[in-house]
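Number of protein chains: 2
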Amino acid sequence: MALIVQKYGGTSVGSPERIQAVARRVAKYRAQGHQVVVVVSAMSGETNRLIELAKKIQAQPDPRELDVMISTGEQVTIGLVTMALMELGLKAKSYTGAQVRILTDSAFTKARILSIDEQNIRTDLANGYAIVVAGFQGVDENGNITTLGRGGSDTTGVAMAAALHADECQIYTDVDGVYTTDPRVVPEARRLKSVTFEEMLELASLGSKVLQIRSVEFAGKYKVKLRVLSSFEEEGEGTLITFEEDEKMEQAIISGIAFNRDEAKITVRGVPDKPGIAYQILGPVSDANIDVDMIIQNVSIDGSTDFSFTVHRNEFNKAMSVLKNQVQQHIGAREVIGDDKTAKVSVVGVGMRSHVGIASKMFRTLAEEGINIQMISTSEIKISVVIDEKYLELAVRVLHKAFDLDQESL
Amino acid sequence: MALIVQKYGGTSVGSPERIQAVARRVAKYRAQGHQVVVVVSAMSGETNRLIELAKKIQAQPDPRELDVMISTGEQVTIGLVTMALMELGLKAKSYTGAQVRILTDSAFTKARILSIDEQNIRTDLANGYAIVVAGFQGVDENGNITTLGRGGSDTTGVAMAAALHADECQIYTDVDGVYTTDPRVVPEARRLKSVTFEEMLELASLGSKVLQIRSVEFAGKYKVKLRVLSSFEEEGEGTLITFEEDEKMEQAIISGIAFNRDEAKITVRGVPDKPGIAYQILGPVSDANIDVDMIIQNVSIDGSTDFSFTVHRNEFNKAMSVLKNQVQQHIGAREVIGDDKTAKVSVVGVGMRSHVGIASKMFRTLAEEGINIQMISTSEIKISVVIDEKYLELAVRVLHKAFDLDQESL
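Residue numbers (my numbering), protein chains in the order written: chain A, 199 to 608; chain W, 199 to 608.
Some clues are possibly wrong.
The list makes no distinction among identical chains, and a pair is therefore deemed to hold if it is satisfied within one copy or across any two copies.
[As the list claims (entries may be wrong)] In the BS3-like style, the derived pairs of lysine-lysine whose C-alpha atoms are separated by at most 30 Å in a straight line are:
{"no.": "1", "residue 1": "Lys289", "residue 2": "Lys253"}
{"no.": "2", "residue 1": "Lys253", "residue 2": "Lys226"}
{"no.": "3", "residue 1": "Lys289", "residue 2": "Lys254"}
{"no.": "4", "residue 1": "Lys308", "residue 2": "Lys289"}
{"no.": "5", "residue 1": "Lys516", "residue 2": "Lys472"}
{"no.": "6", "residue 1": "Lys226", "residue 2": "Lys254"}
{"no.": "7", "residue 1": "Lys559", "residue 2": "Lys391"}
{"no.": "8", "residue 1": "Lys588", "residue 2": "Lys253"}
{"no.": "9", "residue 1": "Lys226", "residue 2": "Lys472"}
{"no.": "10", "residue 1": "Lys289", "residue 2": "Lys226"}
{"no.": "11", "residue 1": "Lys599", "residue 2": "Lys539"}
{"no.": "12", "residue 1": "Lys423", "residue 2": "Lys308"}
Just so you know, the hints here were simulated from the structure itself, not pulled from any lab data.
Kindly generate the complete structure, drawing on both the sequences and the hints.
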């Protein structure tokens, strides 16, 4: 008999039918003798609906009052899920964040959990109840309602699992795990049985946003066993997130191929190589609320260098305009050039730390297909290249094959 | 400087625009130096929407979990109203029922208030805050969320006023007070400056359902000064509800003319006059869930009597069928006759207790117009007659004039 925390996101509880499916899965685990704590989000669309409503009153809604409002989304869901469990004959009981007493700081709309009083829930579990807890919300020491920010229900799930010393925290989403790459691009893409935290961050940041990063950090800190599963499938083991390399069940060198289609690259050429230049270039970009992804600066030749970075394609024109109007003359750069028809492809894997030759294999594979590499950036567990957008699918496919990702590893 | 509790119903907070109007009124009172506590309902339609949602999961929703869900309606409103007050530059703060600690019993969906902890609100008021409290909801001693049943926000308003010893509890609705009769029938109908609790019950029961009865009883018990006003008008004094006759500002004999268009009368003729007959007639009607309004039984002649009562017109056929099939033969009655083209008109006023001649004036007025009286029933503060439906408007108009209700009283 295990104690399992199951977290369901907004899509997984988005309709009465989906809520009934959640109840059936909980009932299955209960029938197997497990204790179950369910953490739920607001029904999909509900949080946004409430925020839009608030904005009709205040363009910048007061954070405390916004939390009072948007915390109702999860409160509705816990009632519905608990009723659905009762309909299946289970003993069930709901808890708001305040009722659990999920104590947070007072940073409204982005509060952090300080402690969880799990005693009542433990008693209810011992008495045979399935427990349904509202994710995303808590209460500060003065009894004010707080919320944890976007995706905060994941954090609630992990924090409940940590507080209850649960055997596993299952995160149900609309994907059934973490894949070697996007199956829509490479049909042979395989679900990973396990993946390290760092690998997941790299893989998730590139399209398949599976888990909220903060919740994963939380899980790592408290050694919570975390598993990503699909709420749309009856069976399936999902993907286990591990926090140490030697826990990992499959020891592939490379875990997956991540990519991002919406990358636009910008280069400021002929930049005088002196202290403070990077800030003088990126400061105005940041002030314009433009997020920057890759940043590359090579050694200078004759006291001048080229400075490149990538932004989201939608912000390309805005970024170019900022650089041409506010930066170029100011720093004395020769010219600003850019290309919004680029894409980023990355090979990801903790295994590459101890394996030489990954980079050369990647570059050779792309070269053999005639794909020119425009920019290169590396981290300990990732090598990213920027290429012409039209080669993206081809690059992902050949790299997926070259690193044997379509093969089940030993 | 006074302490005023203002309660706004679902229609009064039914849209962002309506909420902004509420905020403007609160700001006006604050500008006059008054302390204001606002009690709000869910936005109109919201509670029903949540109940319908719950019924998609459980035909008979679990009461505890239903309360968890439907209490969110008011929680959304308090956030919005507080934001609207802030937009006008006021200091404002919201409280859920649990945050106030409106302690109730544990009768989910129909809980009763046991006590209110008003200390924090008193402190906030002293610090210049306008306070916005969620109506309709409370918390039991175990921290479970409870609701007070339909119209419970009125009760919250009165209870808050009682706990805070407020100078006045203002109930804002979609009518601007209690009228001498329906202005749609008699354009000269006048808003009453004050009305006793009993008169209001009689006048309200006939169309203008202004206040929840339980809240008015509560106000009477705790001597809360209660005023009904329109949330759709900027100005207006509304109608003050008084609890003792000598408090009443205008000492008219008759307060108003009430009427009910949907009355159908049924008579069981030739009923043997023996104990238990009334029950044998009305028992089956009640078992069929048919509400009965007036009941009249005159003295018997030769051991047999006629037994009459009125029901809502929509239930006329059902009631006739019950009587003909289950009652007539069983009790040995001669026949069952009925008429669903009737209406009820009542003159209402605490003044009639000490004035003779009200009934005869009423009957003479109707006779002069050739209106036949089919049934008569009286109470201490009301005389009701059943007449042919087609004379209803005429009867209301002539009675309104006969009792000088179009004249401002001294």
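Taking the hints in turn, this is what the structure says about them:
In the homo-oligomer, the alpha carbons of Lys289 and Lys253 lie at most 30 Å apart only across protomers (19 Å), although the nearest pairing inside one protomer, at 39 Å, exceeds that limit. For the identical chains of this complex, Lys253 and Lys226 are inter-copy neighbours only, at 23 Å across copies versus 42 Å inside a copy, given an alpha-carbon limit of 30 Å. With identical chains, the CA atoms of Lys289 and Lys254 are at most 30 Å apart between copies only, with a shortest distance of 19 Å across copies and 41 Å within one. For a Cα distance limit of 30 Å, the shortest separation of Lys308 from Lys289 across copies, 23 Å, qualifies, whereas the shortest one inside one copy, 33 Å, does not.
Taking the shortest Cα distances, Lys516 and Lys472 sit within 30 Å of each other inside one copy (26 Å), while across copies they are farther apart (94 Å). Within a single copy, Lys226 and Lys254 get their C-alpha atoms only as close as 44 Å, which misses the 30 Å cut-off; across copies the closest is 22 Å, which meets it. In this assembly of identical chains, Lys559 and Lys391 lie within 30 Å of each other by CA distance solely inside one copy; the values are 25 Å within and 91 Å between copies. When the C-alpha separation of Lys588 and Lys253 is checked against a cutoff of 30 Å, the pair qualifies neither within a copy, at 41 Å, nor between copies, at 52 Å.
When the C-alpha separation of Lys226 and Lys472 is checked against a cutoff of 30 Å, the pair qualifies neither within a copy, at 65 Å, nor between copies, at 61 Å. Taking CA atoms no more than 30 Å apart as the test, Lys289 paired with Lys226 passes inside one copy only; the shortest distance there is 14 Å, against 51 Å between copies. Proximity of Lys599 to Lys539 under the C-alpha cut-off of 30 Å is restricted to the intra-copy arrangement: shortest distance 25 Å within a copy versus 84 Å between copies. In the homo-oligomer, the alpha carbons of Lys423 and Lys308 lie at most 30 Å apart inside one protomer (25 Å), although the nearest pairing across protomers, at 43 Å, exceeds that limit.
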